[in-house]
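Enquirer: Protein sequence lines, in the order shown, are assigned to chains A and B. Just so we're aligned, residue 1 is where the first sequence starts under our numbering, counting upward by one. Just so we're aligned, residue 1001 is where the second sequence starts under our numbering, counting upward by one.
Hint data in this document are derived by calculation from the structure and do not stem from the laboratory. Note that the structure is predicted; figures quoted are calculated from it, not measured. Some clues are possibly wrong.
As the list claims (entries may be wrong) - Some residues of chain A that are not near chain B, with every Cβ distance over 12 Å (derived):
id, residue
1, A28
2, A36
3, N50
4, L121
5, L125
6, D151
7, Y162
8, V178
9, T203
What the hints assert, rightly or not - Footprint (simulated), chain A over chain B, 3 or more residues, beta carbon under 8 Å:
id, segment
10, 1348-1361
11, 1364-1377
12, 1390-1401
Stated by the list, open to error - FRET-style restraints, in silico, Cβ to Cβ:
id, chain 1, residue 1, chain 2, residue 2, range
13, A, P128, B, P1511, 48 to 54 Å
14, A, N192, B, S1346, 25 to 31 Å
15, A, L37, B, T1415, 33 to 39 Å
16, A, A163, B, G1389, 41 to 47 Å
We treat Cβ as the ideally placed atom computed from N, Cα and C, and that holds for glycine.
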Amino acid sequence: MSATIATRHSRRVDIGQLGARYGTVGAAILIFAVFALASARFVSPSNISNILVQISVLTVISSGLTVAVASGEFDLSVGQVAGLSGVLVAGLMSWSGLSIPVAIGLSILAGTVLGIVNGVLVTRLRIPSLIATLAMGPIALGLNYAYDGGDSIYTSFPAMFYAIATGHVLGVVPVPIVIAIVVVAAFYVLVNRTRLGRALVATGSNLQAARLSGINVNRCRLIALTLSAFGAAMGGVMLTARLGTGQPGAGESYLMDSLTAVFLGMTAFKPGRATVQGTLVGVIIIGMLDNGLNLLGAPFYMQNEVRGVVMIAAVSLAVLRGEIRFF
Amino acid sequence: MAASRRATKAASAEAAAVPASAAAERVLQARGIGKSFAGTTALADVDLDLHAGEMLALVGANGAGKSTLVKIICGAFGADAGTLEVGGRAIRPRRVSDAVAAGIAVAHQHVTIIRQLTGAENVMLGREPVRGGLIHDRTLVARAEALAQRFGVRIDLSCECDRLSLGELKILDILKALATGPRILILDEPTASLTVAETQLLFGFLADLKRHGLGILFISHHMNEVFAHCDRIAVLKDGRKVHEGAVAEITLPEVVRLMVGRTIEDTDWTSHAVADTGDADGVVALGDLRVGRLEVPALTVRRGEVVGIAGVLGAGQTALLECLAGAAPATAARVRLASLRRLPRSVAEAIDQGIYLVADDRLRKAIFRGLSVEENLLAGSLAQVSRHGFVRTGPARGIVRDIVGRLRVKCSGPTQDVMQLSGGNQQKVVFGRWLARIGRGTGQGISPVLLLDNPTEGVDVGAKAEIYALIRDLAQQGAAVLIASAEFSELIALCDRVYCISEARIAACVPRDELSEDRLLMEVN
């Protein structure tokens, strides 16, 4: 008999378990340290408060998107949904003369309805969410232009409305930070502590197994896409309060940023899973990079490049580490 | 064990002597092939010879190692041990293209013909002649036709393939494999989806191929085809070759006995069928049910009974169990299923009735990858562990600890990623999902109906025994268990009765005292 070649199976050892869970948090701390060393202004209380205020809109939008991704669906319409709700709230107050709460309520409702439509397209017509929400983006933008003719809505809003962006709770904590914290907490509890959240996560992990476990997977996906649009619409309203005008294209950049934040978050805490806490880390990283590069006087195009690189890095890490259903 | 190995070696040496005297060239020589997956031995010390111009049948029960051996020969898997020679030259295929280059072609069970392309385009797929960067159609058609002519194929290659019959597609598929100019052709269950007439057409074609000097390795569950058309036969049993010799020198019952072996280790079977339950019709009673291609004229399961379904892989067992669990559509004339008089409309409804499915293909249909043991265990009883929509963490954890303890799931804790568990422990978690549900919420007090589809797939021996004990336990407590398994020894170990699927129909029901692997193998063929 000819020579026998025997090879021994080597067991994969989880050396980097800790690194896998907290590597992204470590990266956030590292980025913070680097910018702190490079610029004294970066660590000043006013700048840190500034960063937190800047990322509050992104936090709200990304938290909603996280719920969609956790349930296995993409939502590529968040940017345009945010934009639509942003101009709606401006128009409803200044053109229609509605009161602040009614205007806010209606504009968030309008955005949420688009999320329901997304959900119906995905669950009833069985269009992959990637396609359905990709198509919903331009539809939302079209509605946006139809409403405002493509022009910004410049008027002064009721003073109380600006409080959403510039007010302080107890005279110290900026309102947008409080809103972001409340939204993050609510979505965290939803995903981790509720029956619905468990069902959403199960659906996102294995649709087939979830169905065979008696979970109503279509209901889960519909709710997830609705919540995603709800977060986007809320973010849109906050954005208008901050900008002081209703700008048709204001939401545009939030799609890319929120996706990047969610993907970054998938590399933290529970590798491969979209989590609200992970997304928050992702948002903070993006916020620090934006602000820090600005302070260091980096050329404007650098921010775009960094964004692209961070997204690629995040996705490749997320794919490497976990079993994720990407498209 | 050593003695049996020696005996096997002697037998194979003897068998090899027969065609050598006929001076046929040896095109494939495999020696000492071994392969294990995560500690489970799939193949051990397998020798195989294939000669030019012969058709060698490779047979064995499900899980005997046939497909592993084929995958090693065609380069899809690397072997852990052993050598391969093609035409006297040693090869070590690392991927499929290496094996193709060495002269090995495979036609898989399912046809890989693209129906929108013409026959010629399909045959030349991936080898299109190119001129100036563009496909040269005339050369392509000429080459395909030359190939067809050489092997005596008379199929119109110019028309699109969706007009061809399945038998013709199968022949095209083989012709496509032949376009690489192989010396060895491996056919995996080539007649699986063919009608009798198409099968005859195929065997006529294969006889022609043998005359062209090809060595054909023929894998089939259909013993009659093996005995009618093959020259020699090799039998695998539990990853070892237990026989190799001329077909003419062996009989069908002998082959079946070799495939099955004679040791049946499980002895502690006791019937727990509840004789006097007051529901003489059974908890499950089906009449004239049709799901997909499968017909079920009648099927009954009583309280405390473990009833088996035997059939070759893909005979429709999965669809049958899934339709009972509300997960697949089916039509039925008469249904009695727990308190339902029709098939459940959704999985949720089935679960409310106390009907629980342990699906086959764990990773695809039962396990939530990346989620914790707790999340996996509670996925079927979220409503039961929640109040006002919020999961009650304490009681939920309590249930999880209870199940993990009862099933002896080896895990570091409820939060461990389920994918870090062994296959056996993963399967316990899948069972545990329903143990957590039984006796909670609706369905309380109803004797449960358990539908088990290949419940010990990819599970090691120890966990297998524990799962068997669990199934017996559940039956003892009054559950009605319907179990489909590809392993007949499993059905024999567990069942009071076994329904057998033959030709897309549940034709026979073998009672406990007549159960044997030979009998089941005969019934499903």
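Enquirer: If we take the beta carbon of A/Y162, is the closest beta carbon in chain B still more than 12 Å away?
Expert: About 36 Å separates A/Y162 from the closest Cβ of chain B, which puts it past 12 Å; holds.
Enquirer: Is 48 to 54 Å respected by the C-beta to C-beta distance linking A/P128 and B/P1511?
Expert: At roughly 50 Å between Cβ atoms, B/P1511 and A/P128 fall inside 48 to 54 Å, so the hint holds.
Enquirer: Tell me if chain A covers the segment 1390-1401 of chain B under the three-residue, 8 Å CB rule, please?
Expert: holds (count 3)
Enquirer: Test the statement that A/V178 is away from the interface with chain B: the closest C-beta pair must be farther apart than 12 Å.
Expert: holds (24 Å)
Enquirer: Taking the beta carbons of A/A163 and B/G1389, is their distance inside 41 to 47 Å?
Expert: violated (32 Å)
Enquirer: Measuring from beta carbon to beta carbon, are A/L37 and B/T1415 in 33 to 39 Å?
Expert: The hint (33 to 39 Å, Cβ to Cβ) holds, given that A/L37 and B/T1415 are roughly 37 Å apart.
Enquirer: Find the nearest Cβ of chain B to the Cβ of A/L121 and say whether that gap is larger than 12 Å.
Expert: holds (22 Å)
Enquirer: Test coverage of the segment 1348-1361 of chain B by chain A using CB-CB distances below 8 Å; three residues minimum.
Expert: holds (count 5)
Enquirer: Per the hint of 25 to 31 Å, is the separation of the Cβ atoms of A/N192 and B/S1346 within bounds?
Expert: holds (27 Å)
Enquirer: Please settle this one: A/N50 was flagged as non-interface, so is its CB more than 12 Å from every CB on chain B?
Expert: holds (36 Å)
Enquirer: Determine whether the non-interface label on A/A28 survives the test: each CB of chain B must be over 12 Å from its CB.
Expert: holds (22 Å)
Enquirer: Hey, is A/T203 genuinely clear of chain B, shortest beta carbon separation above 12 Å?
Expert: violated (9 Å)
Checked against the numbered hints given earlier, this structure breaks hints 9 and 16; the rest are met.
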